[in-house]
Structure formats: structure tokens, C-alpha cells
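> Keeping their order, the protein sequence lines are chains A and B. The first sequence begins at 1 in the numbering used here and counts up one residue at a time. The second sequence begins at 1 in the numbering used here and counts up one residue at a time.
Please note that the accuracy of each hint is not assured.
Ranges between beta-carbon positions, derived for each pair [stated by the list, open to error]:
1. R117(B) / M248(A): 27 to 33 Å
2. L89(A) / R62(B): 39 to 45 Å
3. S160(A) / G13(B): 23 to 29 Å
4. A274(B) / M248(A): 53 to 59 Å
5. R117(B) / P217(A): 56 to 62 Å
Heads up, incomplete: computed chain A residues facing chain B, CB under 8 Å, no partners named [to be verified]:
6. D110
7. A114
8. R149
9. Q157
10. Q161
11. L165
12. A169
13. G170
14. A171
15. A175
16. N185
Honestly, the hints are just simulated from the structure, not real lab data. We treat Cβ as the ideally placed atom computed from N, Cα and C, and that holds for glycine.
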Amino acid sequence: MRPKRPVSLVIGAALVGLVVAAALVSLVWTPHDYEAIDVAQRFLPPSAEHWLGTDQFGRDVVSQLMAGARSSVAIAFVAVLLGGVVGSLMGLVAASAGGLVEDAVMRLTDFSLAFPALLFAIMLGALFGPSFANAVVAIAFISVPVFARVVRGAALQVRSQDYVLAARAGARTPAHILWDHVVPNVLPAITVLATIEFAIAILVEAALSYLGLGVQPPTPSWGRMLAQAQTLLYLAPQLAIYPGLCIMIAVLGFNMLGDGLRDAADPRLTEGR
Amino acid sequence: MLAIEDLTVAYGGNAAVRRASLTIAAGERIGIVGESGSGKSTLALALMGMVADAARVEGSIRIGGIEMAGAHEKAWRVVRGRKVAMIFQEPLSALNPLRRVGETVAEPLRILNGMDRNAAQARTLALFKEVGLPDPEAKARQYPHQLSGGQRQRVLIALALSRDPAILIADEPTSALDAQVGLRIVELLNDLARRRGMSVVFISHDLASVARATDRLCVMYGGDVIETGPTAAVLAAPHHPYTAGLVAARPRIDARRERRARMATIEGVVPALADLTEGCRFAGRCRSEMPHCAGERPRVSISAQGRTVCCHLTDAAVTASEARVFA
């Protein structure tokens, strides 16, 4: 019997696919040059030429949104990869080593979790100046303790399973047990968490860009488009709505993908009896 | 093959196993029975060198003539799987859910015995055949959740046998299975013990399967070995009041016809680890309790038939003519 594919997986994958596709396509093609300013063509309504109209400088909104997806996806991807690898390793080390090492690692994560995440990112941006790399580091920094905590918990749970006991009884070394049993069995948890952290990363990136601490002009970003549209809210509310919608789609998509993956990643659910 | 002497395993100040002594001959099938908390699983883990790091192990565990008590993890890895192997109560949780069961068995053969992929594969299938798995080729490609409980236990037995251990420890191997399947696992273990000349340590609280699976019996209570002897003899005429209570509490079908249909029970519960006293640990629940039982640990009496009992009653009753006594 094959269980029904979860709806959230399909919708989540579609939304994420849309965002990622937009980001990838923007590398080679956008409807217009997203940096091209044409004051004569300001605030145009949607048309065949400009699908979502133009902004206050006459730039094509669709092209800007596509290029903005690039920044969001790139920053979120690198940040979550970095935070995920570092955090997961910390969690695995803590769970395997136990004792003083575990205490040290977990108190460190407690300490960083106690910081308001966004404020911390803003502080980093303000301290070291706004740049792609700093945004990545700030966002990765936020996700490290979350990964460490979740992975440690999952690893401890796996280590208490009888198959780890059986592996020990079969003379396997701790390194083998970690690699053969613990890592594969915590991977689903890491995957699910990564998608959720991806959503958070996109939100934080938008927030940083909104505050001018993310990628710098003229590189487009959803957060900065939002910030610039703010002053024109009465004149052209659609300029705020479009990037807002994009952020929403991306965040919703990754959250739903995470939900769906949690169910799909398990051979107990996908390989029938 | 295996000799335990004065083995104590303590967590903090509390002994989960207290000065236990037991020998297991090559090819012998020995049963360890007791309630939850009697120390039987701790004893089994001690035989694998797998008690928690925090536990204190004293006394002697000699496996194939080599002293293993207090041995380093590295020394234990030489013994595990090759001299002593273990199967577990819950066969589903003892198999990695993300691995095909054939790979679970073949991988240690490749890495620890240095076999190449084909040799390990062939050996796995031979093992699956030996433990009576139907259609070994197909089963090897399946995941644990796709097998039945009995088949999973057979896979675990194949895994335990893969490096030809001299002793197989079976920690309640039938408790999670239904009665018929459990029975067939017991038969399989009997077969394997006979064919391979392998010793079996069969841990259980089910006297019916112990009676089928073992030659000799070791009854534990509150961390103490209180009675040992040939299984049939011990079950037919238990010496220790606790063993007698266990035997009386066996569910029996003909009991229903009797007027008093209530099953016999032993009043009270096994004391918690922290509440264990110096004296006989069955004191307080024992119907034949004497004033000094709670304060003083009974000596071990050995009968001419090779039975041992650890009880003040026997201790007081033995005469030099029928048995000898040692401290």
C-alpha cells in the first residue's frame, strides 16, 4: 500500500520550485534589464510589456522580483548550509561525547538562543557593515544553536535505540555507530529543520535588507523593494504588495515543504509492507 | 567457557547485581529468570561489557579463560560478537530502520571479518537459511518494518551468529512475540545450540519457555542469584521460597477447573534499587521469613546434585551428610 502523497509536500515543492526557478532564470534572462532606469516610464500599470508594471524609477517590477529572489535564495541557502553543518556537528559531538563537552556546547547554544535573533543579526550588520557575507554569517549564526539543539536531541534518541546497543554488542566502534546508525537516522530531522530554517532565513534576509543591512543597491532584494515602496504607499501600494507576496510565497513554500518532507523522508512510510 | 565470580555491578552506591557467581559450560543452555529489576539484564550487559560508564563493576568475569572484568572497551570489542553475542527483546527496535536487513548482517562481515562484498553476501544468505528465514534472497533486500516479528528476531539471531560466537545471550527473545512464534524461536535457539555447540544464556521471566530452552536455571531476585540448578529439578522442587512462589504463580490451564480459580501470586513488589538492604532481599515478601533474614545475607548452600540456594532456611537445614556449605 502506498500512502497518499501529502498535500503540503506538493504545494510546498511547487511554491519553492517557483521561487528557485525565478532565481535561476534571472541569472540568464529577465523580461527587462532590472537595473534600467527610465523616468518617463514611472508607475506604469501592468501591461503586456511590463507584466506587473514599473516602479518609481521606471524599472520593470517582474525583473526586479526575479533578481530579488536570487539574493534571497542565495543568502538563505548559503546561510542555512553553513548554520546546518556547524550546528549539526555541534549537536552530534555533544550527543556522542556527553559529559563536560556536551554541557559546554549546550550552554553555549542556550546563551546564543537567549539573544533576540533579529537584533543579533542587526547588531552584526551594524558592527561589520552591510554585505552579502555578513548577512550570511548573521543568519547562519542564528540557525546554529537551533540545529545543535535539535540534532543533539535526535541523536540522543537514536543512541538510546536497541540497534545502537546491538551494534555495540557486534563490536562496532563508536565512529562506526555514529556514521552508520546515528547520522542516517537524524538526517530526516536535519532536512525538515533545514527547510524551516530556510523560511526563517528568507524572512531575516528581507528584514536585514529592509533595514539596509543586507545586500547593497543596486542589487535588488525583496526587503529593500519593500522599504522603498513604504514611502510611496499611498501613491503605488502595489509596489509594496508584490515583494511582500514574494516573501510570503517563499516562506510558506519552505514551511509546507518541511512538513511534507517529514512524512516522505521515512522508508517506513514510503516502502510499503 | 564463562565463569562469573563474586560479580557486583553498582550504580552509585546501589548494587544492581550483588556478588553473583555463575559458570556456563561450552554448549550449555542456561536460563536466568527473575522479575523486572532483579538484575538479570544488568548481568547480561555485564557479560558484554556494556554496563553504563557510571556503573562500578567488581569481581571476576572470565570469558574463555580471559579476565574481562574492568577490561577496556577496546579489549571488549575483541570479545563481542566472536566470543559473546547478544539478541534483544524487541527485534524491531534492534534493527536500524533505514537499512535493508541483508546489509545489516553483511556489513560487519565486510568490515570486521574482512570479507569482500560477494563473500559477505553469500555468508549472509547462508546465515538466513540457517536461522530458517524463508526466501533469504528476497528477505535480505527488505527493511525491518517489512518483516514479521518472528522474522526480525531471526534476522537478529543471524546477525548475532555471523561471527560464530561461543556464547549467545538472549535477553527476553520471546517476550515481544506471540506465543507460537516465540516457541519457534526457542526451538531455533535449541537447534543452534546443539548444532554449533554454542552456549546459550536465555534471560526470561517466562518459566514455560525457560523450561523448554535451558538445561540449567539461575533464579535472580533483587540483584542476588538466589538459586541455581538443573532446570527440571529446580522447577519440580524449588528450594528457595521465591522460586517456589514463581513456580506456583505459573498460569496453568487446568487451574481453571479448581474451585479457587485465582492465580497464585507473590505478595508485594521487587524493592527499588535504592531500597535494597544488606540482608536477604526477599525478606519482607517471604512467607517463611525469620527475624534475622532482613539484616543478614544468607550463605550459599550447595547440594550434591549441583544445586545452589541462597536462603537462611536451607542454610539452617543443611546437614553435613546431604550437602556441604561454604561462605
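> Which numbered hints turn out to be false for this structure?
Per hint list: 1, 6, 7, 8, 9 and 15 violated.
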